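Asker: So the chains spell out like this:
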Amino acid sequence: MSASNARRPWVGKSFATFVLLPFCVLMAFPFVWMLLTSLREQNTIFNGPIIPRSFTGSAYKEAWTSIEFPLHFWNSVWITSVTVIGVLVFATLSGYAFAKLEFPFRNTLFVLLLTTLMMPSTALIIPLYLELKSLGLLDSQVGLLVLYISGSAPFAMFLMRAFFQTLPDELIEAARVDGGSEFTIFRGVILPLTRPGIATVVIFQFLSTWNEFLIANTVLRNTDSLPLQPVLFTLMGQYSTNWPALTAGLTLSVVPVIVVYVRMQRQFVAGMMLGAVKN
Amino acid sequence: MATATYKASRTATVSSHKFGSPLRKSQRVAGYVFIGPTFVLFLGFVLWPILYTAYLSLTSWGGFGTPRFVNFDNYSRMLSDPIARRAMIITLVLTGVTTVLLTFIGLVTAVLVNAVWSKVGVLVRTILFIPGIVSFVVSAVLWRLIYDPNIGTLNRLLGAIGLDSLQHAWLADQKTVLPAIIVVTVWGGIGFNMLIYYAGLQSIDPNLYEAAAMDGANTVQQFRHITIPSLRVVTGLIVSLGLLNGFKAFDVIFVMTGGGPNHASEVLGTYLYSLAFGSTSGSIPQLGYASAFSVVTMVLCTLAVIAQLWLTRRADR
Chain H
1 MSASNARRPW
11 VGKSFATFVL
21 LPFCVLMAFP
31 FVWMLLTSLR
41 EQNTIFNGPI
51 IPRSFTGSAY
61 KEAWTSIEFP
71 LHFWNSVWIT
81 SVTVIGVLVF
91 ATLSGYAFAK
101 LEFPFRNTLF
111 VLLLTTLMMP
121 STALIIPLYL
131 ELKSLGLLDS
141 QVGLLVLYIS
151 GSAPFAMFLM
161 RAFFQTLPDE
171 LIEAARVDGG
181 SEFTIFRGVI
191 LPLTRPGIAT
201 VVIFQFLSTW
211 NEFLIANTVL
221 RNTDSLPLQP
231 VLFTLMGQYS
241 TNWPALTAGL
251 TLSVVPVIVV
261 YVRMQRQFVA
271 GMMLGAVKN
Chain W
1 MATATYKASR
11 TATVSSHKFG
21 SPLRKSQRVA
31 GYVFIGPTFV
41 LFLGFVLWPI
51 LYTAYLSLTS
61 WGGFGTPRFV
71 NFDNYSRMLS
81 DPIARRAMII
91 TLVLTGVTTV
101 LLTFIGLVTA
111 VLVNAVWSKV
121 GVLVRTILFI
131 PGIVSFVVSA
141 VLWRLIYDPN
151 IGTLNRLLGA
161 IGLDSLQHAW
171 LADQKTVLPA
181 IIVVTVWGGI
191 GFNMLIYYAG
201 LQSIDPNLYE
211 AAAMDGANTV
221 QQFRHITIPS
231 LRVVTGLIVS
241 LGLLNGFKAF
251 DVIFVMTGGG
261 PNHASEVLGT
271 YLYSLAFGST
281 SGSIPQLGYA
291 SAFSVVTMVL
301 CTLAVIAQLW
311 LTRRADR
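Residue numbers (full-length UniProt numbering), protein chains in the order written: chain H, 1 to 279; chain W, 1 to 317.
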């Protein structure tokens, strides 16, 4: 690319723009369509034009009230928050230990965690369901939280470990000479230096927990305790022809994700590069 | 992801030489206390389930009483069950096609994004990535509406441009259901791959291109001999993530088709789920047989990780 760029940069750039912009329109179309549909009158979905002539917010009102949207939204918010905090606490502690502390069997334990890192929840859903059942945690948000935190903590630990490894050992040794306990060093010296790492784990964890469907849909049966994703799934059956209400529900469920993504895009991309490419 | 783990394991072995030196007790205690909570949860809710499902796959069990040990019967049953065979083939086909498409389109878009003015690049990156951050449920419901045979947008658009003959019940036809699912999967995955490839492109030393240009290499040659080899590790990661995501596919298919019509989009994940949990008709859950599919899924995912380690290792040389 750069050979031609060196002489006539705008030719290549214009060509790339010319290809990318229509592609972006195509990629963004489903979301634009979702917004437009959520804002149109119910009676125009069958034969009205694709861009509606008049807009109304009534579908949002309907989605908000008739499916107890606030309740499920709140369920999602608090389940996600507790998971993020839990994963963060466990992952920073263990990530730091594996990166900077020395103790017997460290490598053995580490490899054990490592080998099972990629096991998908599809493959584990049967034993997890049975396990929660025998623990009496089926149909409880606590049970769901336990599964979320334990399923995500190892991967977050690997991410955090990579961040901790970039810190110089001398820093910790100096703090030890000053007489700090291992926990004070971790809490007071190390943790403040790993803000970017923490931001990455928070955003990853937020997205994956907010979007999780399989486990929530399987272990929770009581409708009131459901987070958003399983509710959106049942909504599809309930509102099979009320598309404005359905797309309004989808739109509302996506808002937090988009907000977090747009606001934290830089950390997100940076974290992904650390996790994926730099190594 | 898995690249990180690979590197991590290497550094772990290197640092093990330090174990010759005397360990400080406070560090030892702190080490165990710090990893304790994660490790206990891991043992209880990751390792134990893996072992338990492996055991269940050797039994016949409806969820009540004690599982009956049946040796490898579930696995041989899998070979003679036409739906299982079909699900296996569909899983492999979907995984293969989406992985190839995602790798290829991801690379092409990343190269283009890397070439445009930086402001356009930021805009394009933001837009392309959004399908990847919404949940699979949202994208599946959305696309189900787009594919709707009667009032779906796709058919209406085809009608509007005079291609009525192409209008279709996309998800109800055995011929079009898999391509329709592939479109949704690729749509959701491009942004992530583009971003990783883009990061990879950014980390290539520009001096390499300058030197090559001075030696008279044209753009295509530069791409073949500098860009592609430099991106080998990234490609390994993207391919293995594609394989992993394909092997564990569930959400999109479950929501869009439930594995239908007539098992034409049945994959390992949806089939094991319907065997274990799906029986609304009151049939007995087949937890043993379903667990055998869990084990197969785990083996496939492990192979994907091994494939990635192998690709990375070759690139290191």
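Because the hints were derived from the structure by calculation, they are not lab data. Being a predicted model, the structure only gives us computed values, none of them experimental. Keep in mind that a hint or two might mislead.
Mimicking DMTMM-like on lysine to aspartate or glutamate, the simulated pairs with C-alpha atoms at most 20 Å apart in a straight line are [to be verified]:
{"id": "1", "chain 1": "W", "residue 1": "Lys25", "chain 2": "H", "residue 2": "Glu102"}
{"id": "2", "chain 1": "W", "residue 1": "Lys25", "chain 2": "H", "residue 2": "Glu41"}
{"id": "3", "chain 1": "W", "residue 1": "Lys25", "chain 2": "H", "residue 2": "Asp139"}
{"id": "4", "chain 1": "W", "residue 1": "Lys25", "chain 2": "H", "residue 2": "Glu173"}
{"id": "5", "chain 1": "W", "residue 1": "Lys175", "chain 2": "W", "residue 2": "Asp148"}
{"id": "6", "chain 1": "H", "residue 1": "Lys61", "chain 2": "H", "residue 2": "Glu41"}
{"id": "7", "chain 1": "W", "residue 1": "Lys25", "chain 2": "H", "residue 2": "Asp169"}
{"id": "8", "chain 1": "H", "residue 1": "Lys13", "chain 2": "W", "residue 2": "Asp148"}
Some chain H residues close to chain W (C-beta under 8 Å, calculated; not the full set) [what the hints assert, rightly or not]:
{"id": "9", "residue": "Thr17"}
{"id": "10", "residue": "Ser54"}
{"id": "11", "residue": "Phe55"}
{"id": "12", "residue": "Met119"}
{"id": "13", "residue": "Leu147"}
{"id": "14", "residue": "Ala153"}
{"id": "15", "residue": "Met157"}
{"id": "16", "residue": "Val189"}
{"id": "17", "residue": "Leu191"}
{"id": "18", "residue": "Leu193"}
{"id": "19", "residue": "Phe204"}
{"id": "20", "residue": "Leu214"}
All C-beta atoms in this analysis are idealised placements derived from N, C-alpha and C, irrespective of residue type, glycine included.
Asker: Check each numbered hint from earlier against the structure, then list the numbers of those it violates in ascending order.
Answerer: Going through the list in order, the structure violates hints 2, 3, 8, 10, 11, 16, 17, 18, 19 and respects the others.
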